[in-house]
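Chemist: Here the protein sequences line up with chains A and B, keeping their order.
Taking this note's numbering, the leading residue of the first sequence gets 198, the next gets one more, and so forth.
Taking this note's numbering, the leading residue of the second sequence gets 198, the next gets one more, and so forth.
Hint data in this document are derived by calculation from the structure and do not stem from the laboratory.
Keep in mind that this is a model prediction, so the values were computed, not measured.
Please note that the accuracy of each hint is not assured.
It does not matter which identical chain is used: a pair holds within one copy or between any two.
As the list claims (entries may be wrong) - Here are the simulated lysine to any residue pairs, SDA-like style, with alpha carbons at most 25 Å apart: (1) K447 - A249; (2) K219 - R431; (3) K354 - W397; (4) K444 - T330.
There are 2 protein chains.
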Amino acid sequence: MATIGFIGLGNMGAPMAANLVKAGHRVNGYDVNAKVVQALAAAGVQAAHSAAEATRGADVVITMLPAGEHVRDVWLHQGGLIEAVKGSTPLLIDCSTIDVDSARVVTDAARVAGLEMLDAPVSGGVGGATAATLTFMVGGSDTAFARGLPVLQAMGKNIVHAGGPGAGQAAKICNNMMLAINMVGVSEGFLLAQNLGLDWDKLFQIASTSSGQSWALSSYCPAPGPVPAAPSNRDYAAGFTAALMLKDVKLSQAAADATGSPTPLAAHAMSFYQAVVDAGDGGKDFSVVFRRLANLNRQGQA
Amino acid sequence: MATIGFIGLGNMGAPMAANLVKAGHRVNGYDVNAKVVQALAAAGVQAAHSAAEATRGADVVITMLPAGEHVRDVWLHQGGLIEAVKGSTPLLIDCSTIDVDSARVVTDAARVAGLEMLDAPVSGGVGGATAATLTFMVGGSDTAFARGLPVLQAMGKNIVHAGGPGAGQAAKICNNMMLAINMVGVSEGFLLAQNLGLDWDKLFQIASTSSGQSWALSSYCPAPGPVPAAPSNRDYAAGFTAALMLKDVKLSQAAADATGSPTPLAAHAMSFYQAVVDAGDGGKDFSVVFRRLANLNRQGQA
């Protein structure tokens, strides 16, 4: 079993670290919020008083942070983690969802320092983190992936090697960008059905077994009723928040801008998630975009 | 077995009529193009010299026509089919894909004349029409649906009762509108992946088993490679043509306008299918929208 330094013990990081302990690993945890570190003592996570301290003696160092700026800061700044682990050769894994450029900058710096690193963003949310059923989308070399696999398997169920450095982040934002579009599209379809007097259950029955099918429709229908487990039936309690979806679509648009990629529907869809967040619903499930469209409908602002 | 009048023997209507003969029905066929009627003699379809003649002695009268104007014209104009069948009480079935309003106008006229009518647009294309594996989305009363079911089963595999009059048309355009959006979204995702250096097969492997999944991706991937059976691997040979998709999205937008429904992504997606048709690719499969976006990408017109 490995010694693992874990930096970033928020809503996702905390249960992920706890699952590593459950799997028999020794985990040294650090977070800027000392309270969450203390709270994890009961789960068997050893408290470290700095990020650098958490990496001492580590075979693997994992970060789970909010955004690219935090990831660059923690790994690269003077006295940052890449400097801290020099001399030993732990495997580095960043599980944050960040921009592809930041992921590649940090991975390059690790490579220059003679270290192997994986970008391994997740999907599955807090529920998946707690149940150790996350999906990891992993970028990095074959050898680094092989090294990281057993550790990732303690936190997730589906571990996919997407390609070289940055490929994990690329896969996540491409997937979530398509999801963001599909969800607005399903919302438009169900609103139009309602206005045409077509029953939602009938549209669901037809489209979920036909060419209009999508995960957004079949598993997460934003109109209440057809999918009982969907957040639409619980006043859009998340689930995957609109704020996080907005973050991911923004990352996709930053990547599209940087590479000159035409993503017109994604840009259009983003404006709806932005409007949801601006209206104070960022903490609701992202499928709440249906309710926003329904409000536009009622107001005749189509 | 029934006597069936069949009006409209084009690419879809001809194999549908032939399948009715195969199932043991007597079919009297008519089309404005006398040649297609003659050609169907070999399949056992009796030639009628007018639409009205095709309805003589019919238990069921079926129309399969290009657009709402033709359907209204054939059924409603002076000497039209509703007048022609007065005195007998055949079941009327319109299998054309038309606007919801035209469908309801014709159904209302039928009702006033004491006749039962179904709107029953199909999906599955010429291949489905030939193999008798079409999906029928059917609007109309329970009794009319029960009466029509055995006839529709001779031409299709999946017969869904979507609701009252017009519900078949509503279901088809809502489904196809969602499909139109999903297809552009998948195209954007695969182009962004390419520009980020993410392998298409990897994105497919991840997204087809994740929240980004859709029929447009899993069964019909517009980027060549991941789905060998998809038109993208045959230079976008249809399949379902871009011209027909444009027709359906236009119907959805007409319905959205008429009901004040907000369908912003559908309107945006429509502009891409329009551009494909304007560029002379209306006969290609609708997934050719990927190639259009890829061209924009190369031209830096993102």
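Chemist: Can you give the numbers of the hints that this structure goes against, from lowest to highest?
Modeler: 1 and 2
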